[in-house]
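Participant: The primary structure of each chain is shown beneath.
Protein chains: 2
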Amino acid sequence: MSRVPDLDKLFSPKSIVLIGSSTIKINQNMISPTIFNAIRENLKEFKGTVKVIDIKDGNVKVNLEKEYDVAVIVLPPKETISSLRQIGEKIHFAIIIPGGFSDEDKAKLIELSKKYNFRILGPNSIMGVISSSIRLNTSFEPDFIPEVGSISIVCQSGGVGASLLDSLIEEGLGLDLSIWIGDSLDIDVIEVLKYLGKRDQTKTIGIYLEGVKDGRAFLSAIAEIVPDKPIVILKGGVAEASAERALLHTASIAGSHRIFTVAVRQAGAIVVEAIDEFITALKALGLKSKSMKGRSIAIVSNVGGPAILAADACFLYGFSTPPLSDEVYKRIKKVFPLIEPVNPIDLIADADYNRYIMVLKEVMKEEHIDGILLITMFRSCLTTPEDVKKIIEMVSFKKPCVIYTGGYGDLRKLMSVLPPEYHRKVVVVDDVWKAAFAFDVLYDYSVTCVEAAKRYMSSVVE
Amino acid sequence: MSRVPDLDKLFSPKSIVLIGSSTIKINQNMISPTIFNAIRENLKEFKGTVKVIDIKDGNVKVNLEKEYDVAVIVLPPKETISSLRQIGEKIHFAIIIPGGFSDEDKAKLIELSKKYNFRILGPNSIMGVISSSIRLNTSFEPDFIPEVGSISIVCQSGGVGASLLDSLIEEGLGLDLSIWIGDSLDIDVIEVLKYLGKRDQTKTIGIYLEGVKDGRAFLSAIAEIVPDKPIVILKGGVAEASAERALLHTASIAGSHRIFTVAVRQAGAIVVEAIDEFITALKALGLKSKSMKGRSIAIVSNVGGPAILAADACFLYGFSTPPLSDEVYKRIKKVFPLIEPVNPIDLIADADYNRYIMVLKEVMKEEHIDGILLITMFRSCLTTPEDVKKIIEMVSFKKPCVIYTGGYGDLRKLMSVLPPEYHRKVVVVDDVWKAAFAFDVLYDYSVTCVEAAKRYMSSVVE
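Chains as they are written, first to last, in the numbering used here: chain A, 49 to 510; chain B, 49 to 510.
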């Protein structure tokens with residue numbers, strides 16, 4: 049399938065030509081001067097060469113003197129085909145943003161790509177590619193580049209990808225690449241996945257998928273990558289009605305959701321059911337210490353009620369909150385006699401960072417504890433966001449640690465004082481269920497997924 | 049149980065005396081000058097008379113010349129008892145904020161309350177009472193009064209209540225009362241519940257509970273209220289470990305979670321499992337048009353992928369997304385030929401408010417549709433928050449409508465342009481699962497809960 053050795057020139061381009069129009073407007077297919085101008089504006093941030101060609105009327109004339117790694121095209125089908133005919137020899141990749149291409153149009157695109165030896169992302173890619181490190185943003189959204197990080201996302205939907213990226217930015221999470229594959233006329237999710245598997249900057253991969261054409265190849269690609277990098281998949285098209293919409297949306301056959309889920313799990317991927325879970329899973333799998341060998345959690349909290357709800361959520365996810373060892377119990381009791389260090393441990397609402405740090409260091413030593421759920425509420429408590437920052441700085445988190453802060457306001461207060469690096473040390477969530485889910489994903493990856501992937505690969509070889 | 053005819057003087061007081069200390073500090077029981085000073089500051093906003101008494105040393109001398117509806121007390125047990133002995137005749141209610149009262153202390157409190165005929169909220173109430181309409185805030189949190197509204201919340205935990213209120217404030221939701229019952233030495237959840245059932249300003253009731261002493265009385269109170277006002281319950285103490293913590297926390301015996309859930313559902317309450325669900329349920333039940341008679345949803349969206357995920361979530365909650373009628377299909381197709389109005393309906397990312405309004409008005413007429421899930425993403429779309437505001441203004445929502453906006457950023461953008469009244473017309477959520485859950489709660493209340501409550505009451509009478 050791959051005629052060009054790899055997709056590096058597409059995802060780490062040095063030069064881009066943008067071809068669109070400040071006059072042509074076609075309703076309902078994302079072709080308008082607004083979108084063209086927005087992309088032009090966004091490409092000003094790109095760390096590389098950019099040339100802009102504005103097609104003023106239907107009479108397309110494009111003449112490139114130099115070669116470009118990528119052409120970003122925002123034109124109607126006829127004009128897209130016409131311009132690619134003229135520049136095909138001078139480009140390596142075309143990102144086709146708009147949708148609305150007929151089968152005939154698509155056949156012509158493929159013909160041109162073969163003739164001139166360029167590859168196509170899209171059509172109907174909608175947002176194209178966002179790369180944080182080189183400040184590349186081919187979407188029409190301003191301020192849409194997250195912090196530089198190690199998560200890469202592949203999306204078959206503009207909207208789902210945009211939602212994800214919006215949340216990533218809000219939470220200060222780091223991104224390597226975000227790729228909208230659109231109709232997968234040429235480059236498809238499997239090829240992108242294989243590329244991400246080899247790309248050093250990417251450590252965690254998230255995929256939103258409505259359907260995949262070659263199931264076996266997809267599963268093999270997953271199984272090969274998973275021992276090195278976790279893969280999280282959100283699949284759309286569970287219901288019959290939504291499968292029908294998926295067919296209209298990206299021409300995907302959703303297939304049986306249950307069969308899909310079982311198959312990708314056997315190949316070692318983590319399957320999530322909601323955008324929320326998607327983000328929580330990506331956050332959890334971005335931890336430096338991903339390793340979680342068992343299902344015992346210690347809950348350390350400054351509030352009683354939320355600690356109880358957290359223990360409930362852990363319990364319903366199949367985790368236990370076993371008692372601390374006698375020695376640790378006694379050592380905590382000696383320093384803080386008014387605290388009753390059963391697990392969940394309530395440090396009481398006036399806990400400061402000293403109380404947290406002492407207890408956390410003790411709990412971190414407990415061999416039978418696999419993960420720590422830290423509850424640090426600010427509302428109704430004397431603990432401050434600065435206290436939590438100090439805790440993260442002063443405790444060495446050798447076991448996965450998830451922090452729950454209470455309401456939306458508390459979460460925002462905490463995030464406003466934490467630098468982006470904290471994401472490598474702890475996972476911060478705004479719901480106790482997300483906390484339990486984060487542990488579930490970490491355990492799943494550490495224990496189940498890697499083994500499953502290896503088993504899958506050996507079964508394929510046999 | 050009730051010696052005072054009702055709790056009006058406690059929850060709508062005209063005069064308050066705050067008794068605390070700017071010198072006494074006791075670790076781990078929420079007794080400190082910081083807390084006393086914060087409450088004093090908060091009471092400056094109260095629309096009524098406030099007197100502050102600062103106990104400078106252990107030698108408690110309090111002398112009230114006038115009567116006060118409520119005494120808010122932030123003193124250690126000995127000083128609390130001593131001051132109540134001196135002011136008992138002059139007050140109707142005492143809100144005791146701190147915890148740490150021994151059984152002997154508690155016996156003395158009860159003795160005093162009987163002797164002087166005042167009632168007690170707490171001890172260990174932590175935050176006391178917040179009433180939006182009279183700007184009453186006996187908590188030590190600043191800026192902790194939500195918009196005036198019709199939701200009332202009763203909490204057995206400071207932290208859970210604080211989390212809820214934090215989210216209510218962030219989302220601009222309206223509150224009538226928030227009540228922290230603490231250890232329920234005198235006034236308990238049942239008495240408060242009965243009061244809220246009769247209180248005009250309260251239209252929806254939320255309860256966080258770790259345990260209840262008189263189960264039968266609790267169920268009867270629920271069943272009596274539910275036909276008029278929905279009741280949502282979040283229960284802590286599902287797991288054994290958390291039940292143990294609940295016992296330490298508010299001396300509650302959590303009992304069997306399953307039995308509890310079945311029993312309160314039979315009495316007509318809605319049971320939720322997470323703070324998130326709690327808030328979504330309260331939002332949904334605050335709609336003017338709560339009535340939802342069936343389980344058919346129309347999804348109207350400007351993005352394909354999220355519409356598919358939304359249909360999946362609805363499907364997994366047991367809802368269907370049936371096709372539109374031929375007439376409506378044709379009318380939409382005539383105005384917007386490029387749109388394929390199957391359900392979920394994708395209006396395409398360049399939809400403006402005109403396109404939404406036309407389609408929504410048509411869908412609103414469909415008799416076989418019970419609720420509308422409106423997806424209005426901004427990221428990756430040309431729709432704006434102002435468009436959505438216009439939609440809410442121009443469409444008459446005779447059926448429940450839930451709006452999903454995409455990522456956290458999108459949600460905040462939308463909320464920043466919407467006035468508080470919009471909560472009565474539509475429910476805004478940041479997750480498709482919350483959308484499906486909101487419909488589930490609405491259907492549950494409209495169809496199941498009211499009937500269950502009536503059945504429960506008649507079975508009790510027999």
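In short, the hints are calculated from the structure, not lab data. Do not take every clue at face value.
The list makes no distinction among identical chains, and a pair is therefore deemed to hold if it is satisfied within one copy or across any two copies.
[What the hints assert, rightly or not] Below, a list of computed lysine-lysine pairs in the DSSO-like style, where the Cα atoms sit at most 30 Å apart:
(1) Lys242 to Lys382
(2) Lys341 to Lys109
(3) Lys437 to Lys461
(4) Lys62 to Lys446
(5) Lys251 to Lys57
(6) Lys473 to Lys104
Just so you know, these numbers come straight off a predicted model, no measurement behind them.
Participant: Evaluate each hint against the coordinates.
Facilitator: Hint-by-hint comparison with the structure:
1. Lys242 to Lys382: neither (55 Å within a copy, 45 Å between copies)
2. Lys341 to Lys109: neither (61 Å within a copy, 60 Å between copies)
3. Lys437 to Lys461: Result: close both inside a copy and across copies, 11 Å intra and 28 Å inter.
4. Lys62 to Lys446: neither (40 Å within a copy, 55 Å between copies)
5. Lys251 to Lys57: within (20 Å within a copy, 60 Å between copies)
6. Lys473 to Lys104: neither (52 Å within a copy, 45 Å between copies)
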